[in-house]
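Protein chains: 2
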Amino acid sequence: MEWTSVDLDNCPVVRALDVVGSRWTLLVLREMFNGVHRFEDIQQHLGVSTSVLSRRLAEMAEHGLVDRIPYRDEGRRERSEYRPTPIAWELYPVVVGLMQWGDRHLTGPNRPTVQLVQTSTGKPVVAALVTADATTCTPADLTVLTSEPDK
Amino acid sequence: MEWTSVDLDNCPVVRALDVVGSRWTLLVLREMFNGVHRFEDIQQHLGVSTSVLSRRLAEMAEHGLVDRIPYRDEGRRERSEYRPTPIAWELYPVVVGLMQWGDRHLTGPNRPTVQLVQTSTGKPVVAALVTADATTCTPADLTVLTSEPDK
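Residue numbers (full-length UniProt numbering), protein chains in the order written: chain A, 1 to 151; chain B, 1 to 151.
To be clear, the hints were calculated from the coordinates, so they are not data collected in a lab.
Everything numeric in this text was worked out from a predicted model, so none of it was measured.
Just so you know, nobody snuck in bad clues.
Any copy will do: because identical chains look the same in the list, a pair fits if it lies in one copy or spans two.
Under the rule of at most 25 Å between Cα atoms (straight-line distance), these lysine to aspartate or glutamate pairs were calculated in the DMTMM-like manner:
#, residue 1, residue 2
1, LYS123, GLU31
2, LYS123, ASP133
3, LYS123, GLU90
4, LYS123, ASP103
With the hints as extra help, turn the sequences into a complete structure.
In structure tokens form, the structure reads like this:
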């Protein structure tokens, strides 16, 4: 069967983009992957309106990408944290691939750099194509290092 | 430096999405990665209008993602082929990651499957996070296998 007989309705890239292709969805994933879980923190960091973020998180929950976990700070009303599901974590290589590509090709002066390392070894980590029997890095063994921009 | 002090203007994911975040850009890359290079063929396979595809290819050329190569079939006027640049090939793991994620989580009955294998070994290939010293697969050593949907 030829590639060109895989039509758009059947294409898994199209289906994936339909679920995660919006800028806000990928950015919310990026926040959660980097340890930002509370609605207020995500909202403040992304500079997104309450209604857009609420709608986006509801859609992501519907697609099985986020779990909503209630928490209550002392003396305050109950609020929500959002955690990536295992299905969402499987998109981590995609987000890291975009990040590293942006870092390599769209950098400018005075940009902070973001580097991912394997926590247990300190080795830099990259998003790449490997054979299925290769040793891959798990999210639990990754650390994000950010550095101040060069002056 | 904390992750939350990397603001959106500085975020390489945001910068990457600004360049390749549109559905059509990623789909045009997907076509080219799979060996579809001629304007007419891309247009027909994606079902996109001439004006949208022309604009998208011009933007992609401007961002250094495609090279335009003229060709002329016998007795016809000169036309263009579009080839991914090395910078574009670096996005291949991102596109494959999306494709494999879509294949795993958004499948339905009667869908053809798309599998990537290392040509030299026949081993399945995955998009993953690995340490920078891991052996990765090059685009030149990859074959895309598509199979008919299960009935």
